[in-house]
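Undergrad: Sequence:
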Amino acid sequence: WHEGLYHLQVFVYDAVSGLIQDQALVPFEVGACVPVYDVYLNGELICADTYELSCDPGLLEERTDYTWQVVAKNPGGEVASDHWFFRTEGDDLTAPVITLEGNAQVTVERGMPYNDPGATAADDVDGDISDRIVVTGLPIDTCLVGVYRVTYDVSDAAGNPAQTVVRTVQVVDRTPPVLTLSGNNPVEIEARTAYIDAGATASDEPCGDDLTGLITMQSNVNVSTLGTYLVNFAVADAAYNIATLSRTVYVVDRTAPVITLRGSAVIEVVRNAPYTDMGATAYDAYDGDLTNDIVMTGLPVDTSALGEHTVAYNVSDSSGNPAAEVTRSVRVILGEVPVITLIGDAEVEHECCQPYRDPGATATDAEDGNLAHALVRGGIPIDACTLGEHVVTFDVTDSSGNAAAQVSRTITVVDTTAPTITLRGGASVTVVRNDTYTEPGYAAEDACEGDLTDDVVIGGDVVDTSTLGEYVITYDVSDGSGNDAPQATRTVIVVAGNSPTITLNGDEEVELGCCAAYEDAGATATDVEDGDLTAQIEVGGLPIDTCIPGIYQVTYNVSDSSNNPATEVVRTVIVTDSTAPVITLVGSGEILVECGAGYEDEGATATDDCEGDLTWAIEVDDRVEVCIPGEYTVTYNVSDSSGNAADPVTRTVTVVDRTAPLLVLDGEAEVVIECCEVYLDAGATATDNCEGDLSADIVVTGLPIDTCEPGEYTLTYNVSDGADNAAEEVTRTVIVRDTTAPDITLNGAGFIEVVVNAPYVDPGATALDACEGDLTADIVVTGLPIDTGAVGTFTLTYNVSDDAGNAAEEVTLRVDVVTGDIPVIT
Numbered sequence: 001w002h003e004g005l006y007h008l009q010v011f012v013y014d015a016v017s018g019l020i021q022d023q024a025l026v027p028f029e030v031g032a033c034v035p036v037y038d039v040y041l042n043g044e045l046i047c048a049d050t051y052e053l054s055c056d057p058g059l060l061e062e063r064t065d066y067t068w069q070v071v072a073k074n075p076g077g078e079v080a081s082d083h084w085f086f087r088t089e090g091d092d093l094t095a096p097v098i099t100l101e102g103n104a105q106v107t108v109e110r111g112m113p114y115n116d117p118g119a120t121a122a123d124d125v126d127g128d129i130s131d132r133i134v135v136t137g138l139p140i141d142t143c144l145v146g147v148y149r150v151t152y153d154v155s156d157a158a159g160n161p162a163q164t165v166v167r168t169v170q171v172v173d174r175t176p177p178v179l180t181l182s183g184n185n186p187v188e189i190e191a192r193t194a195y196i197d198a199g200a201t202a203s204d205e206p207c208g209d210d211l212t213g214l215i216t217m218q219s220n221v222n223v224s225t226l227g228t229y230l231v232n233f234a235v236a237d238a239a240y241n242i243a244t245l246s247r248t249v250y251v252v253d254r255t256a257p258v259i260t261l262r263g264s265a266v267i268e269v270v271r272n273a274p275y276t277d278m279g280a281t282a283y284d285a286y287d288g289d290l291t292n293d294i295v296m297t298g299l300p301v302d303t304s305a306l307g308e309h310t311v312a313y314n315v316s317d318s319s320g321n322p323a324a325e326v327t328r329s330v331r332v333i334l335g336e337v338p339v340i341t342l343i344g345d346a347e348v349e350h351e352c353c354q355p356y357r358d359p360g361a362t363a364t365d366a367e368d369g370n371l372a373h374a375l376v377r378g379g380i381p382i383d384a385c386t387l388g389e390h391v392v393t394f395d396v397t398d399s400s401g402n403a404a405a406q407v408s409r410t411i412t413v414v415d416t417t418a419p420t421i422t423l424r425g426g427a428s429v430t431v432v433r434n435d436t437y438t439e440p441g442y443a444a445e446d447a448c449e450g451d452l453t454d455d456v457v458i459g460g461d462v463v464d465t466s467t468l469g470e471y472v473i474t475y476d477v478s479d480g481s482g483n484d485a486p487q488a489t490r491t492v493i494v495v496a497g498n499s500p501t502i503t504l505n506g507d508e509e510v511e512l513g514c515c516a517a518y519e520d521a522g523a524t525a526t527d528v529e530d531g532d533l534t535a536q537i538e539v540g541g542l543p544i545d546t547c548i549p550g551i552y553q554v555t556y557n558v559s560d561s562s563n564n565p566a567t568e569v570v571r572t573v574i575v576t577d578s579t580a581p582v583i584t585l586v587g588s589g590e591i592l593v594e595c596g597a598g599y600e601d602e603g604a605t606a607t608d609d610c611e612g613d614l615t616w617a618i619e620v621d622d623r624v625e626v627c628i629p630g631e632y633t634v635t636y637n638v639s640d641s642s643g644n645a646a647d648p649v650t651r652t653v654t655v656v657d658r659t660a661p662l663l664v665l666d667g668e669a670e671v672v673i674e675c676c677e678v679y680l681d682a683g684a685t686a687t688d689n690c691e692g693d694l695s696a697d698i699v700v701t702g703l704p705i706d707t708c709e710p711g712e713y714t715l716t717y718n719v720s721d722g723a724d725n726a727a728e729e730v731t732r733t734v735i736v737r738d739t740t741a742p743d744i745t746l747n748g749a750g751f752i753e754v755v756v757n758a759p760y761v762d763p764g765a766t767a768l769d770a771c772e773g774d775l776t777a778d779i780v781v782t783g784l785p786i787d788t789g790a791v792g793t794f795t796l797t798y799n800v801s802d803d804a805g806n807a808a809e810e811v812t813l814r815v816d817v818v819t820g821d822i823p824v825i826t
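Under my numbering, the residue at position 113 of the sequence shown is numbered 113, and the numbers go up by one with no gaps.
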């Protein structure tokens, strides 16, 4: 051996066959010295201190693992070793053995995870061969109920298969579904309102199967009656595990009644006018009409007090729910008053003792129109012979009692007219020389102060009848206002011979009625020398306007052929007004007026012999209340400026109520509602020309309507006024129709499994109709009986219709007839 690295090939022989069973190259390093060797087999020294690498271990066991170790030693004490493994061969006829971990039969709840515990495998030659196990049947879908087989197989290196081991896994469903209510629980529902349940959801956990469509619901909720009700839900899964749940429904009345005013919420009433409240209506969703239960406060309204008055309306239903208070404001006002307008000036100067004719005034009213005929004059007639201020007033009140602001005119009576002096005996008097002159007299009259004769001052010439010639006598007078009368003069002529003589025909003073015809009687004249001079008489002062009261003078004068004037002769004509005016009605003296209709009086005319047309001065008392039936007297009066009063004239106005009220429906004349729907009548309004709003007095027949009974219903509305005039009846047709189909609900799930030959009892269904209620007894089931003698699938159908022919949506139930064996899934 030389120094270096060597590889020794080691052979293992089978002593029986002599065949090499295994071989290996063993590396070792040779140093400067030849080494010796120790050989170990499975730790046992079988060759020691040998220089040759040949060592017989003897007969070895077949199919046995061995470890060779060679230790090289040199003289210097250095040691090197190496080892290897080998296995003796032989015939392997023994199969491995599989051992289950855990139980051979396992039960798993549906949907729960399944973790297989596995198995081990051991072989007498190969040892632990667990990692070689082949498992079939995994994974298991635990959402499918059934029996599953998990198999375990393995073979050793010699190809010996182990006996197959099986684990049985049974997936069972013993857990009920999960029912969950949608919406709240409990639930409050207002009475007489439709109740629609929020329903529920159902799932079969933990696999998440949606069973909502299989839920059955039973409800006894009656929204027409207050109380506590249950809505029951049930659902079953495929394994007939049943879940149930209930919702509590409280039918309550928490809705307050509603008050509705009849008429306006704000009403204006003229002060002192009667006020009749139109009332209100009250309706409650549960109790219906509560109008008769309304409590009103604030009545009666004191219409004598100006301002705002409140009438309040309150009511509560049987559950104690108070309605929101409703109020009406009644405003007592003065009203829109008539307006009086003077004709002419508001301040007038009038001459003393002259007839005063007031131009009057006009009166208008927004409602009544022209009220001139209703003007009331005060201070007429004035005393025109009294100096100073005189006031004429005008007042009027309309049919609503609204008084106009008084209008007045101030008449200041002044005296600007001078007195008049009238000479008796004429303005020229002839006296024979040496005869005695006797004053024939005079008179002084003032329009305001009357007779001023005693105040006349005589002046001028002193008549000397012994001396021929003309003498002028003057007459003067003034009234209390300082008005000087035009001076009157008389000429006295003293002549040597005789003058003519004038003699009046008729009376020296004549009195006439106003506007009477005046025909002067004349006079005669004679003269000693000339004889009859009547034809030469000059008459002055004619004609006389007898339509103007006053004192008039007619003068007569004449001279003879020697120019001797006769003493003037005077006749006094006094025109007086002593005849009363005459009033004449325009139109009929008896008039019928329909209550509530406008009345405008036709008036009257007035004429006076002296003053002519006095229609403007007529005073009328025409208080006719056209909204209150009865008999009224319209009186007409007038006086002339001389104070002569006409005989009063009257007209009888009879206000009658012969017109029926007018009824008008509120809302449609034909109303269609669904069966069992709440019906709220819209009502009607009634107005009367005389009495106004009569809506509160309407009599309605036909209410309440049974809306759960289809058909045609007629509501009639009638009303009469205080005069028993009946309005024309109006009607409303209410048609109750049933167009809603019933609803069918299965009792139980939508499918059922029945074991072969087991009796089948149908769970049935329920049918509810909004109009007719429970129609379960009318359900028609087709598909019965079911032959459970053979496996198969059967379908039952459930149908029902209400009396109106509305067909429910068909509901079906699947019935599976199955064997009683548990299925096995492989």
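Keep in mind the hints are simulated off the structure, nothing from the lab.
Think of the CB as a built atom: it goes at the ideal place given N, C-alpha and C, for glycine as much as any other residue.
Treat the hints with care, as some may be off.
Unchecked claim - Label pairs and their in silico Cβ distance ranges:
(1) Ser-319 <-> Asn-184: 20 to 26 Å
(2) Thr-782 <-> Asp-743: 31 to 37 Å
(3) Ala-790 <-> Val-761: 16 to 22 Å
(4) Glu-188 <-> Ala-807: 30 to 36 Å
(5) Ile-196 <-> Gly-667: 36 to 42 Å
(6) Thr-248 <-> Val-761: 26 to 32 Å
Said to hold, decoys possible - Think about it this way: if two alpha-carbon atoms lie no more than 20 Å apart in a straight line, the pair counts; the simulated DMTMM-like pairs of lysine to aspartate or glutamate are:
(7) Lys-73 <-> Asp-49
(8) Lys-73 <-> Glu-44
(9) Lys-73 <-> Asp-38
Undergrad: For each hint, tell me whether it holds in the structure or not.
TA: Now for the hints, and whether the structure bears them out:
1. Ser-319 <-> Asn-184: 20 to 26 Å: holds (22 Å)
2. Thr-782 <-> Asp-743: 31 to 37 Å: violated (19 Å)
3. Ala-790 <-> Val-761: 16 to 22 Å: holds (18 Å)
4. Glu-188 <-> Ala-807: 30 to 36 Å: holds (34 Å)
5. Ile-196 <-> Gly-667: 36 to 42 Å: Between Ile-196 and Gly-667, where Cβ atoms are some 28 Å apart, the hint is violated.
6. Thr-248 <-> Val-761: 26 to 32 Å: holds (31 Å)
7. Lys-73 <-> Asp-49: holds (8 Å)
8. Lys-73 <-> Glu-44: holds (18 Å)
9. Lys-73 <-> Asp-38: Within the cut-off at roughly 8 Å; holds.
Comparing the model with each numbered hint stated earlier shows that hints 2 and 5 do not hold.
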